[in-house]
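Colleague: Based on the hints, put chain B in the right spot on chain A.
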Amino acid sequence: MDALRINKRPKRDQDLEYGLHQGMEDALSPLCMVGIRILNYLDNCLILAQGHGRSVCKLPPDRFNGQQEGTRVGVQYKTVSGLNPIFAACVREVECDLAGESLQHRNDINLGKQDIHVAVTQLFVSRTVSTESRRCPLLTVQPCRGLVDEKFQVVIKNLLPNQEVTLDSLHQSEDKDFWEAFGHYISDEQGTVTVAKDESLGGTYEGKEQMGLLWSLRPVPGSRPALRLRKTNVLTPIVINISVYNGHLSQGFNQTSSLATTVTERWYMAPGVQRVNIREKGVLGTLFLPPGPGPYPGVLDLWGGGGGLIEYRSALLASHGFACMALEYLAPAKLKMTDVDGTYFEKAYQILQNHPLVQKDKMAILGLCFGSAITFSMTAYSRVIKPQCCVCISGSHVVPVDKCLFEVFEDIKKFKDKVQVNEDNHLVHRNTILPIPSDPTLKVDVGRIKCPLLLVNGTDDQNWATVESAEDMEMMMNKAGNRHLLTVLTYPDAGHLIEPPYTPHFRATNFLLHKMKEKVVMLWGGQTKPHAYAQEDSWEKILAFFQEHLYSSNVNAKL
Amino acid sequence: MLAPVRTVSTTNGTSPLLTVQPRRGLVDEKFQIVITNLLPNQEVTLHSLHQSEDKDFWEAFGHYISDEHGTVTVAKDESLGGTYEGTEQMGLLWSLRPVPGSRSALRLRKTNVLTPLVVNISVYSGHLSQGFSKTPVLAMTVTERWYAAPGVQRVNIRENGVRGTLFLPPGPGPYPGVLDLWGGGGGLVEYRSALLASHGFASMALEYLSPDELRTADVDVSYFENAYQILKNHPKVQKDKMAMLGLSFGSAITFSMAAYSTIIKPQCCVCISGSHVVPVDKSLFEVFEEIKKNMDKVRVNEDNHVIQRGMILPIPSDPAQKIDVGRIKCPVMLVNGGDDQNWASVESAQDIEMMMEKAGNRHLLTVLTYPDAGHLIEPPYTPHFRATNFILQEMKEKIVMLWGGQTKPHAYAQEDSWEKILAFFQEHLYSSSLKAKL
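As they're listed, the protein sequences go chains A and B. The first sequence begins at 3 in our numbering and counts up one residue at a time. The second sequence begins at 305 in our numbering and counts up one residue at a time.
With the rest of the complex left out, here is chain A (with noise of 0.2 Å):
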């Protein structure tokens, strides 16, 4: 059966009426058009008339003004692209006669209904055309090159009218897993959708959200269970493909044709940020340096329980202004835990501080879970470690002191019968230290700290009992008198793994305890939502704080 459909006989006052058949629209992208033309074999044609593929149209008398009678009209569909062989398999024509009876049809190629809608639904389009401007739709990311923590704006044009699209982000990680996220939108008036000020309707974010493509990104349906997607290597930026797809899809996005399609990368290190190894006094590390002949206020980077020597978020404090060394501390083949006491930390704190591009003092020190705990306990107890600041994150005092890291882990397995395991078979960490103990020996003497220190806490954190460590923190610097020292941010819903903005947020992930030799599932926590808004925020609090404490004037220091 055809599809288009054009009146016969219409008189000299009449309207042409000309349209696809009914039960016809369902089958057809809206993006077909549907015109229609007079034909005068010289391939010159003139347009009358175009409109979408779901409209009958009708043409007014006065259209055909100047033409004579026995001209004869062709209507014709498409989807406009040019661009693939199925294309041409679209277009269609009817021909009548002005004053005449429907003549002939004539098709490029003779498809029944069912046809025409795979050939359609195949093509997708992938260049719409609005009627307006002809243009396809542009889909734009600003910058298109940013670092990890910038915001990007995402604009697409030239879609038509109220158009419903689905934007999609899509990443394969170092170790080949693809994780992928996705909002749907409608189209405002002028065929534009601007992510930063319109709301997603459904997908893996949901309102307005300017970065949600990126913070809410996920393991792709068939993927390896309990994911985490980190950066190893850091001089490399992480590349998403960002498209643009007709409707509202929630899957298949590889089998279908997006619209509009662009690349985006997102760095941990600005231009001009070194990387350097650190190899010295059997301290393991990897030291970043701002661009330009400093010098930096210097940064030591801890990081937790499950070891390795993570670079990233030390690439993208330098890229800040900070010279920052990530530290290795629990490395499975080089250093052996019994070797890594206080003084493993107090070199490597010495060798960032006396590093050239370094002021002396102008130091702090950066921890998250596991590594909180080893700056509150340097920073309460040694006599070398003195910044003039302090970052904790997910972190806590309730750990033994004065004790080698082995000896640490030792006393930390003791408590493995407060260790739960929920439903889903993931490990609850929190409670292994609750009820949070009286006894001054079973925790760092936060009272001696004497620098500022920022604390950061998810409510929702399922490793470890920090907002109740905060708490008991509080009570301890009230009671020593430098109570006016600390600051907490506690973000409700957030969970342990509070990182740099705009990456994804993970509730569970497969977990191997340093020294414990078995695979588990840990429980972080957190919802993906507030989670993602609390990287956001504390990070910017974060560089605040460090800029307020290493890089105000000294003037303003001795006020």
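Since the hints were derived computationally from the structure, they do not count as laboratory data. Some hints here could point you the wrong way.
[To be verified] Straight-line Cα separation of at most 30 Å, DSSO-like style, residue types lysine-lysine; simulated pairs:
hint : chain 1 : residue 1 : chain 2 : residue 2
1    : B       : K334      : A       : K199
2    : A       : K519      : A       : K405
3    : A       : K199      : B       : K380
Given the structure is predicted, the values throughout are model-derived calculations rather than measurements.
Modeller: Chain B only, in chain A's frame:
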């Protein structure tokens, strides 16, 4: 090592802050440079520094005075002196020139287009014109300028004796194809193609003048036809959306192919700094032999720079000495500089217009003529070269070639022409095919 002098404003006690946005941009993308936290009405020098792949240093600088808030906004404020003056948002790039003491007659060209141009931007106190490397900075930052946008793919083409590099935009395609031809300097120059791919065109840079691999006697019409077809037949290229882009001798080849080839039938052509006054239907070897015959018309100026523009003047009336541009069937855009000292491109354009008027295809022609621009009209925000070292293919002789142009008008020509070239390609290669039938 000198400790930096950090000027502290008495009001808020913070150091001067220099921001360049975006920090990683495309070569043809504008950036915003802003300095804040200066003293009010403070004299500062904004300085850019780049070390080329050849290890030479290039610099540019502008003299500014901060406003009452201690802010300098390069896009709005005027440079009062330096290598550029006035309100020039991109002056720090297009006015780059070799630092004092450098080797002479240098040209800045990127060979590896997969890595960015790295430019150091610094702020100095006071209005300096030299000694930058010995003076402490108030603030500095590093910015990168990329020829290839994220996702652009680089593909080596070595097929049917054709040597080139194809740059594909990201995504499934297919894309319009552009054959990219440079001039008599030879080699395989990739950066313009990489940039075109960053704008959605599958662009192939073609090498046709190579000292070792190809003998110029082997390079004739069929070489270019092969190249064109390789591009056209690529699975990610749209057969019916093709274009040619030429500069200098590459423009002459473009005129020739578009006029005479039965195989090369692009949807449009862009010819920069070109001429139609070339012998037709000959191998490159024969063409260069012909050019040698006119060497007596080549002049040398007081700096011993070679001026070639007189070689084809006066424009001959004998049609046998010119490409019959009346045969061209597709839209053609010409881009010329009024001060082109290398080829008489403006005079040629006038003659081309006359020939096309006679032949009835004048409506296909668009001519952009930029006063005081020189011969080497390249993508924007890259430096201007009035005269550079050059090896004359035909003479195998190292000379200094005068290209012409004054820096500021030349920078304007590069910026404006590139915008118009992209729009021209967009119009003829990306518009809906319904429109094409009208």
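Colleague: Decide, hint by hint, whether the structure agrees.
Modeller: Verification of the supplied hints:
no., hint, in the structure
1, B:K334 with A:K199, "holds (24 Å)"
2, A:K519 with A:K405, "holds (22 Å)"
3, A:K199 with B:K380, "holds (28 Å)"
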